[in-house]
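Trainee: For reference, the chains in residue letters:
Number of protein chains: 2
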Amino acid sequence: MALQEQTVFPRPIELKNVSIKDDYWSPYVKLVRDTVIPYQWEALNDRVADAEPSHAIRNFRIAAGIEEGAFGGFFFQDTDLYKWLEAVGYALAAAPDADLERVADEAISLVAAAQQADGYLNTYFTVAEPGKRWTNLTDCHELYSAGHLIEAAVAYAGATGKKALLDVACRLADHIDATFGDRPGQIRGYDGHQEIELALVKLYEATGERRYLDLAGFFIDERGRQPSFFHQEWEARGRTSAWTPGVVQKTPPSLSYHQADKPVREQEVATGHAVRAMYMYAAMADLAVRSGDDSLLAACRRLWDNTVRKQMYVNGSIGSTHHGEAFTFDYDLPNDTNYSETCASIGLIMFAQRMLQNEVKGEYGDVLERALYNTVTAGMATDGKHFFYVNPMEVWPAASEGNPGKHHVKAVRQKWYGCACCPPNVARLLSSLGHYAFSAGEGTLYSHLHIGAEAKLTIAGRQVGVRMASGLPWAGQVGLTLAEAAGSGDFTLAVRVPAWSAHTSFTLNGEPATPEIRDGYAYLRRDWQAGDVFGMTLDMRPRRIYAAAEVRANAGRVALQRGPLVYCLEEADNGAPLAALAIRAGSELREVAGEGRLAGAILIETEGLRLEEPANAGGALYRSEPPTRTPSRIVAVPYTLWGNREPGEMQVWVREEP
Amino acid sequence: MALQEQTVFPRPIELKNVSIKDDYWSPYVKLVRDTVIPYQWEALNDRVADAEPSHAIRNFRIAAGIEEGAFGGFFFQDTDLYKWLEAVGYALAAAPDADLERVADEAISLVAAAQQADGYLNTYFTVAEPGKRWTNLTDCHELYSAGHLIEAAVAYAGATGKKALLDVACRLADHIDATFGDRPGQIRGYDGHQEIELALVKLYEATGERRYLDLAGFFIDERGRQPSFFHQEWEARGRTSAWTPGVVQKTPPSLSYHQADKPVREQEVATGHAVRAMYMYAAMADLAVRSGDDSLLAACRRLWDNTVRKQMYVNGSIGSTHHGEAFTFDYDLPNDTNYSETCASIGLIMFAQRMLQNEVKGEYGDVLERALYNTVTAGMATDGKHFFYVNPMEVWPAASEGNPGKHHVKAVRQKWYGCACCPPNVARLLSSLGHYAFSAGEGTLYSHLHIGAEAKLTIAGRQVGVRMASGLPWAGQVGLTLAEAAGSGDFTLAVRVPAWSAHTSFTLNGEPATPEIRDGYAYLRRDWQAGDVFGMTLDMRPRRIYAAAEVRANAGRVALQRGPLVYCLEEADNGAPLAALAIRAGSELREVAGEGRLAGAILIETEGLRLEEPANAGGALYRSEPPTRTPSRIVAVPYTLWGNREPGEMQVWVREEP
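If you're matching them up, the sequences are chains D and F in order.
Under the working numbering, the first residue of the first sequence carries the number 21, and numbering increases by one thereafter.
Under the working numbering, the first residue of the second sequence carries the number 21, and numbering increases by one thereafter.
If we strip away everything but chain D, and leave its shape as in the complex, we get:
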């Protein structure tokens, strides 16, 4: 099969043509396929004991007229199923599975059956409030739900070639296109939770229908215009919120919370709900690369810079407060009350991926890697059945229980949530890793993440097969082998050189090479032939990380990182309270092998000290005698593996003493 060359800008390689084969990532991919997807199917059918019910399948059955009953769950509960179907699509692209496909096809029939004659599809409004369609976009997220349906449909069609769900999605998108717009009788508005925008770009790519791209542009361009759509809608429905029925509100919805306080091209700072912000920025980047709209790209760059240079945690997570799961302000990065939702890091990854289509710069890949290796994988337990929404930088389990301001900080991963956005989001990301690892276009094949894989593509008119081998995250050897390379002619291989690697060396077929280093990527252009190997060796020595002085929370503190992995201290290794520990400045950071549940991981061991109460303190709450400083061995474990042993304290940023 002749592959279609992807030109104009670097695009991800089609999932069907990428096969992940990686010591570190393949177990995750397998976990998603063998455990997460089946487990979530059980959850969607309310068959997980002791977990909050999803209601999702049941809602569709009721909407389809197959079952009697009342709607259950949130307004946007349908997305549980859509995200699962999207993950299934990606999984099937990687490897066929007739049983799984049959289950999915049945679910798709159910979705189709729940669609209304005019294309409308949303079980909440069909079952619970039939007359209230499109009257509360601020709260009820109908377009958000539609977006997830579209993403699922595109993924499933791409994997299986089956169009049933894509047809449902197009009918819904057509209905939306007719309903929304600036023509008389149309709703000139947009959703409270962005998602439809990036989904419509995918639908455009899958169908070639320019209308869908234009509709995405409409939603982005409308957003933030005055007078505010959200405020008009609020007035029209009697100043109420769907979250507090019957209560007349004194203040209208916050516009900055919804990234709607000003037109997107004028936005300077990441505000509001972090996931919604990221989904919007990703769509903006999608539109910028396809439209060549410089003002949109400039806004993307500003919002990117603000996000990752002022408001991002060292684990690649965002959202400093659980109040609205939101950004707060520059350099406000408290460690013990952060939200850092798993989904927000997935959104940041999507944004980074789109920015890499606009311009290939190392920072995008660095952040993508940071969020993926630390927050996203930390969001899921190694059993694939327990999940974190919140990814704290510091945990004191007693405070999670006993201080209401920290109730959102869980010390133990949970089985399933009523608002189950994170687990299926992790599943769909991990089953589409290939979309993030590589891209190709304009005669260049990029490796962004250096994940072991085999890929096929057409580049510079040549059909090429490459094999990426990688020791990451434990070892720094990376090798990109040309497994097949029909014909001849120059093209470029480009590998990201992570900013964390202090010294990086390159080889071509085993000999030292000097690729061009530009914006954090190493480029080597030549007439690549089968058997050629482009190698890179990264500096994996553990290193210290310090935060900017403006970050009050981290003054006098240090974090540890090795390769892409951020480390943390756990009570299991270091005792409690962790706050009593300090790392000695300049102490040697030694690598030690993890054991038990951490077998296979490299831990970091170093010299530190423990503050202890003087003998005469007598248990006083306050005293004049200074603490004693006792030398103490300190052990740090990869953050992504925290919370897989006995529950206890955890801390990323550790005090450092000279």
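Simulated from the structure, these hints should not be mistaken for lab results.
Beta carbons: idealized from backbone N, C-alpha and C, even for Gly.
Don't take every hint at face value.
Some chain D residues judged to face chain F by a derived CB distance under 10 Å, without partners named [what the hints assert, rightly or not]:
{"id": "1", "residue": "Pro272"}
{"id": "2", "residue": "Arg329"}
{"id": "3", "residue": "Thr348"}
{"id": "4", "residue": "Arg563"}
{"id": "5", "residue": "Gln581"}
{"id": "6", "residue": "Ala640"}
Given chain D, put chain F in place with the hints provided.
Mentor: Relative to the frame of chain D, chain F by itself:
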């Protein structure tokens, strides 16, 4: 006039017989009299520009039928006026003021006019919900309001001898006594906000009516019995809360929040709303000393220990979270999100005062002093017109604005609050300082706070006049002079020896003396004669304070204290971010004179260092280069004076480096 000797247990000296004459405290007393009381009268009449209206006087006028209109403010808005009247009572006890007394008498007439024929008095239920009396004690605080009326009445009668308000209070108390109890037809319940209990003890003392003491005991004994009164009441009103009208709640009111999860004698740990807890503990101590109930005293001791040894901030404040203005759990003392309400420290002072009636121990006086000198006075600006509810240990003004979890932490004192509990509470405490400074009984005169004053009392059958002179909080000389001492016969003078004084010396008439030191008090018994002087010199050297290792928030941190005053760093002296600063362990703590708005205060200066970003950091959010450590002079100011200059950062607990 022959003064009545106070026997059985040490009681405060009547306010009329104590005259505060103190370089430090007299200006506060004068500020309350000349500024706070008149300002609050304006506030009660809704005449303070740009401040939230109180509605208090207007509500009484409406309830009395003098004015038409709707009730305004909270259910317990009456207490604004009652607390003001109480403060006026204390002020008039200290010095007559015909104009003020006339204004107060008019207000009292208004209160009397609003009282119902059966003795009931509460403007909310009279004006807004006439049929709903006593149906929601959990939320609406009718008994709390009644308690503040009683306290005002006792104070006003004690100062002026006028009984009009006391008669109103007795009629209301009689009505309550008839309404509540365990006889058929009575309500077997208690209030959501404790206050009536300690007020009824005062009413018993003022009237000699044993019924009032018994009614206080009933409320204390009933509290926490199962089945829960609050839950029964909640069911009876249809599972609603007065705070969210029309909403049927899923969960009943929290019992631990209301200190009603178990009978008070079984309570081990301070829980729930901190002010309510303190008012209850004070009443329990009141009842314990009058009843000799050992199980009640044991509970008081346990709850005291838990409060001050596990849950108290170093400034004598309590309430670790703004969620419910409440306690959290042992050793959870976050510095940047604490509530530490001014009123809660006033409640702690009341509790300490009552414990000193049960047993004279230094810890009670130490805590009383800590809360008074630090939190209570910090709660009011030096102009007497701006107030803090919340007394933070750390302020980053940008976070107070930009992080919703810190919105309660104000960087600037506010003019007046809709729920204006703190300003009048500060006023009534500062105008009754004499009640806390001294007590006498069983042949001993105690000085708890060493506040300059003249007092008259009868002790061991002798009429005595004493004059306390004190350099506190700036200088450590304290002298108790017998100004008059009719007749002869032994009695004891006892002065608290503050735990913060590392070396304390004593004199009798200028010669070294060796009083008996017992439980933190120095006792000297003799046949005191006019002209005798008992002197004490306290160690005023600045000292370091360290918190117990269990307090995670203060690991590696130090606080500074000098005499009774806790210190803090302010941006005005040290620049921002304060988090970049550390004090050198073992550095000399030098005293320097305050200037400008801090003139008259002693500041502390010491050597420290400032973490600065290395030259090559380039503004990165995260970097590998360690910060540089630049020597830096550090200046600390008394916490009580913070926030009286330009708004900026503030920090009590400062990093310490070896």
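Trainee: Would you mind marking each hint as holding or not holding in the structure?
Mentor: Here's how the hints hold up against the structure:
no.: 1; hint: Pro272; in the structure: 17 Å, violated
no.: 2; hint: Arg329; in the structure: 5 Å, holds
no.: 3; hint: Thr348; in the structure: 4 Å, holds
no.: 4; hint: Arg563; in the structure: 5 Å, holds
no.: 5; hint: Gln581; in the structure: 9 Å, holds
no.: 6; hint: Ala640; in the structure: 7 Å, holds
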